[in-house]
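A.B. asks: Protein chains in written order, with the numbering used here: chain X, 50 to 406; chain A, 50 to 406; chain V, 50 to 406; chain U, 50 to 406.
One should not assume that every hint holds.
Pairs involving identical chains hold if they fit within one copy or between any two copies, as the list cannot separate such chains.
[Unchecked claim] Straight-line alpha carbon distances no greater than 35 Å define the calculated DSBU-like cross-link-like pairs of lysine-lysine that follow:
1) 192 / 86
2) 143 / 124
3) 223 / 115
4) 317 / 360
If you are wondering where the hints come from, they were derived from the structure by calculation, not from laboratory data. These figures come from a predicted structure and were not determined experimentally.
Number of protein chains: 4
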Amino acid sequence: MSGNSFGKIFKISTWGESHGAGLGVVVEGCPAGLPIKESEIQKELDRRRTGQSKVTTTRKEGDRIKILSGVFEGKTLGTPIALAVENEDADSSKYELIKDLYRPGHADYTYDMKFGFRDHRGGGRSSARETVGRVAAGAIAKKLLARKKVRITGYTRQIGPLVAQTFDFGEIEKNIIRCPDKKMAEKMIDHIMDARKKGDSVGGIVELVVEGVPAGWGEPVFDRLDADLAKAMMSLPAVKGVEFGAGFGAALMLGSECNDVFIKKGRKITTRTNNAGGVLGGISNGADIVLRLVVKPTSSINREQDTVTRKGKAAKIRVEGRHDPCICPRAVPIAEAMAALTLADHYLRQQVSRLDT
Amino acid sequence: MSGNSFGKIFKISTWGESHGAGLGVVVEGCPAGLPIKESEIQKELDRRRTGQSKVTTTRKEGDRIKILSGVFEGKTLGTPIALAVENEDADSSKYELIKDLYRPGHADYTYDMKFGFRDHRGGGRSSARETVGRVAAGAIAKKLLARKKVRITGYTRQIGPLVAQTFDFGEIEKNIIRCPDKKMAEKMIDHIMDARKKGDSVGGIVELVVEGVPAGWGEPVFDRLDADLAKAMMSLPAVKGVEFGAGFGAALMLGSECNDVFIKKGRKITTRTNNAGGVLGGISNGADIVLRLVVKPTSSINREQDTVTRKGKAAKIRVEGRHDPCICPRAVPIAEAMAALTLADHYLRQQVSRLDT
Amino acid sequence: MSGNSFGKIFKISTWGESHGAGLGVVVEGCPAGLPIKESEIQKELDRRRTGQSKVTTTRKEGDRIKILSGVFEGKTLGTPIALAVENEDADSSKYELIKDLYRPGHADYTYDMKFGFRDHRGGGRSSARETVGRVAAGAIAKKLLARKKVRITGYTRQIGPLVAQTFDFGEIEKNIIRCPDKKMAEKMIDHIMDARKKGDSVGGIVELVVEGVPAGWGEPVFDRLDADLAKAMMSLPAVKGVEFGAGFGAALMLGSECNDVFIKKGRKITTRTNNAGGVLGGISNGADIVLRLVVKPTSSINREQDTVTRKGKAAKIRVEGRHDPCICPRAVPIAEAMAALTLADHYLRQQVSRLDT
Amino acid sequence: MSGNSFGKIFKISTWGESHGAGLGVVVEGCPAGLPIKESEIQKELDRRRTGQSKVTTTRKEGDRIKILSGVFEGKTLGTPIALAVENEDADSSKYELIKDLYRPGHADYTYDMKFGFRDHRGGGRSSARETVGRVAAGAIAKKLLARKKVRITGYTRQIGPLVAQTFDFGEIEKNIIRCPDKKMAEKMIDHIMDARKKGDSVGGIVELVVEGVPAGWGEPVFDRLDADLAKAMMSLPAVKGVEFGAGFGAALMLGSECNDVFIKKGRKITTRTNNAGGVLGGISNGADIVLRLVVKPTSSINREQDTVTRKGKAAKIRVEGRHDPCICPRAVPIAEAMAALTLADHYLRQQVSRLDT
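Please construct the entire structure, taking both the sequences and the accompanying hints into account.
C.D. replies: Spelled out as structure tokens, the structure:
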């Protein structure tokens, strides 16, 4: 009800503030018997970790994950899996200076309006640090999906006006912007560093491709697979839009162009094109699920901006903390995690949608 | 669980197939004491009704709504409100011919894959007729929101390449495409009729503007107001993407351009721009909520297309039923209803998010 | 949230007031492919119907059920199943006289306190007529469970001080009190008629025995099978307590008496006794599930009682409507329905509790 | 879905196994602004702690609670409150010997049947240690309820055949059996020690009295206040039944005896008797809520019992660990916590059940 849980059968509840004791997640509904190791979870967390490169914040968090419950002798028990990391490098001093100022683009003002007060240190609950729990849980979801040969690949498709032209998935983790186009990656990094020098930040687009989802996942009419994936993506900080397949381009198409006609490929029914992005009527159709999310430029910028104080007086603010000049590269593993959580949930939901005969 | 409910406190469950006995909705969680009349609900249903103009299908459904429970002496009882309409003009004969063919762009194939079989008549549950229940329930949500001075306005912003240039809300209901730009509306209609003549269909973009939402609605971290609105929109048939404020344009912006700086306006804190689209950190900030959804061209087109049979043989199909050549005008009241349902839910959720002192 | 839904995967939402247009239920989450006929549902409704005998109310309701959606060609579609009956014999005139008086033992006062006003006609939503929807939905749950050889048998175990001594399940539906002890049944009926003559009513105990549930159903730690069954029973009007197996008698036992030791029976593990009532640690153990619910005497009695008016003035009331002098016989099919709904839900939940390998 | 969460608005999710790293709970939906200290939570945990007296187990757990999130400057933030304790005195060696034997009365067998395997150490998730999280969360719920003058008092009413005759609430925490009847308390303790000497255990009845709940809490028709309280109690280990007010005694009453007639007391409407136990039609009526739960004798007894091995061979077992000879005294704070959690949830749910005018 309070909005801190996601999923219906495979369900997570995250907790933690940016500068509190730590952060974590409780995973409910993961079936018993799934092999899972701390190291597998750690690997995903390391992908989202701060301080990885010049295009990410310098805050240094080891983010060492601990499995506190729900796993015994290397396998899930079917009971809740509690995962937690401690906050180590929380430096609240810089936030002390701006605790009565509302940072533009941030949730300071809205948290105050909603709850009457807030933990101002590092954005408190509204910090992207909250996604630690999502990524940790997502690692378990990925493990579950891997048994069904489902593979999720995320990457930076666009930074400012620069759009990837080639899509070599093997390249993605080799460059710090996580772009499948090696040459464009370099240009993107230059673009970001230029903005950073001016104390500014840049936006971009992350794309996810999910291979291996069989036809039949998704629960119309409300919990459509694409609707739940859209919510999952929109629940990430800084995301301002999401689209599937042809996406906003569909506005310019005719029905005869947009429809993906059905064809036979070997013994399998498939479609000639994939404008639908792998989802028809809210249910997967067996094609790759393709979606894009737009990530706004980081709100924290090292430039003077107008704002108001908590008491409503005009003021100036400059946000000097440690910030990513572009959110996209770290958004990639987080978006993948959210996709994995959504798909794991729908995989399980599909198990009970028809008789087992 | 089965995906036919929406909302947590203000919650609806829709039921019904396109050619079944009827369609309806159960509304739970509407507070007791809200005045509501059948005529207020009917008015919204009439806006989504078929057979209204040359740009909509000719299927004629009276869609006379009946309140079966939950309202007594003109006011909500606090008990479930059951609303239903009968199906009158269901003509299943045309569907008999294509019941073993998968219509491109439709959910025939995916429903079969999910459930093992389907009601082929008029698309069964996957038909847009299902939205009758949403619109009826949305009328109650709108009534609840009106008490808080929240007003939702939807309109067609774009059809194919034609984009509204002026935004006179008084124009919207005066033209059959529901465009706030009178001149562009005529061009849009011509554009649609051209496609129709060729047996084709067109896509477009619907925009919603929500005025009057106070700062503080939305439940991070997952049930963000924008995430729930995105899910609401993506749960509508034919919608392939959704964006808020600057939306996908944010990819091209710098942080210094995208941030909405805070200013005072009289005694109120507000922002100079509205790139956020009224939501910061998943919580409303008091500015207008602005979102856009892209609507793909109608999948049913009167042209021969490739497809396969249920048994997987290559075949040709031509969908001759009665279809909207463009979904946008009728999507407007439906999208408004979904926005109203989402906002009514978050309004009530905000009532329990802080102590009442 | 508003309390009108039950179940998590197999889920129902009931609607309707005693003297409104009708009553019904939406069943979500029933797997696709289950054969179900209106007549199978009608049969269960006929068992709970009013006007059956001298120990039930004389209100005459045909309670003709209609399946409005979710079933196609005799099988469930996997979509919501809407079921409804019309109210036919609603005579509100008697209630007009007492609409400003609070009937002792009824929910008139509490509904007013909760919602600010109420539908006073026949108790509105608080009427036992609401259980029509439960029984209709329960018939579908029973059908699903029958595939797993699960059989639920309910009966009147006790009326006032009269307790059944023999348990011949074949007798139950042959007498109007639904008691498995033919001789005791006659005494029970006499006991009830004696009370009725004095304008009074009597209480009793209903027992349910569920055969065929395999070991492994139930979701600790909160959604234990017995906890959910207890809630199901306590959600019925007039029920003031529930117990399993040894029940309240366990207070008098030693551990060495109460523990059901495990034994082998053929190739099956079972227990020598069944003090647990078929549930250990919230999970079925393969033994019969045995539970009892106590049903208070009908609150509506044809005797003068003290009360107060809505405005809080002392007054006298005599409730002259048509009432069951004892609720037990009609409570039997209703309790069975609630047990079926609970078990169907837990059956499906068990499908996703461990890996399918 | 997996059964480890309780509540709808005020909602908890517990995690942890008896001999794992620790145990904890995430509390969601507690309104922002509630003052809460670790010491207030610790106080409740100390009441349920082991090793308190000769009638409880000798396992020594400090159960030092830590607030990991959701509280800032002494007040709840409106974000999830994570609470955890470490396991300190977990001695798994004794369990090694019996890991292939099913303990009678325990959930070993049913967990194996459900999940395919289990954490055998100390009962794993099925251990009463899981209630640590409930009691910690309950302390916050109590704090919230205290603002509304709601006070929950639990006590041992009966041990074996010994029933409290006097009800001096001031006595309860002064004796180790938590009985409000000082003299009977001594007899009860003797009774328990006698059983213990024989390696046996005893059952009993715990009673709760909730004062101060205003009329209007509870959500019919399924989430009745008494139904949710019944589920809460039945979700506790060893509880085999629950009853309200007259409870099972109502079977013996006439309607004219059982009905609580309404009277005026000063300006307040109340009832002359309280056979309803404070709940009418599932909604509180302003009278004390009175309920009783029966607690079976501890299953772990130091006597030889028949059982079977995991492979289904007949065997003997003697459970030698550290066990409470009677569960009642420690069940008191746990039952209070569950009542507090249920009531806090219904208090918040009532906030949205009618218009705020």
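A.B. asks: Up to 35 Å between alpha-carbons, please classify residue 143 paired with residue 124: within, between, both or neither.
C.D. replies: between (43 Å within a copy, 23 Å between copies)
A.B. asks: At most 35 Å between alpha carbons: which applies to residue 223 and residue 115, within, between, both or neither?
C.D. replies: For residue 223 and residue 115, the Cα distance is within 35 Å only inside one copy (28 Å; across copies 41 Å).
A.B. asks: At most 35 Å between C-alpha atoms: does residue 317 with residue 360 qualify within a copy, between copies, both, or neither?
C.D. replies: between (64 Å within a copy, 11 Å between copies)
A.B. asks: Go through the copies and call it for residue 192 and residue 86: within, between, both or neither, with a Cα cutoff of 35 Å.
C.D. replies: Within one copy, since 10 Å is at most 35 Å while 39 Å is not.
In the structure shown, no violation is registered for any of the earlier numbered hints.
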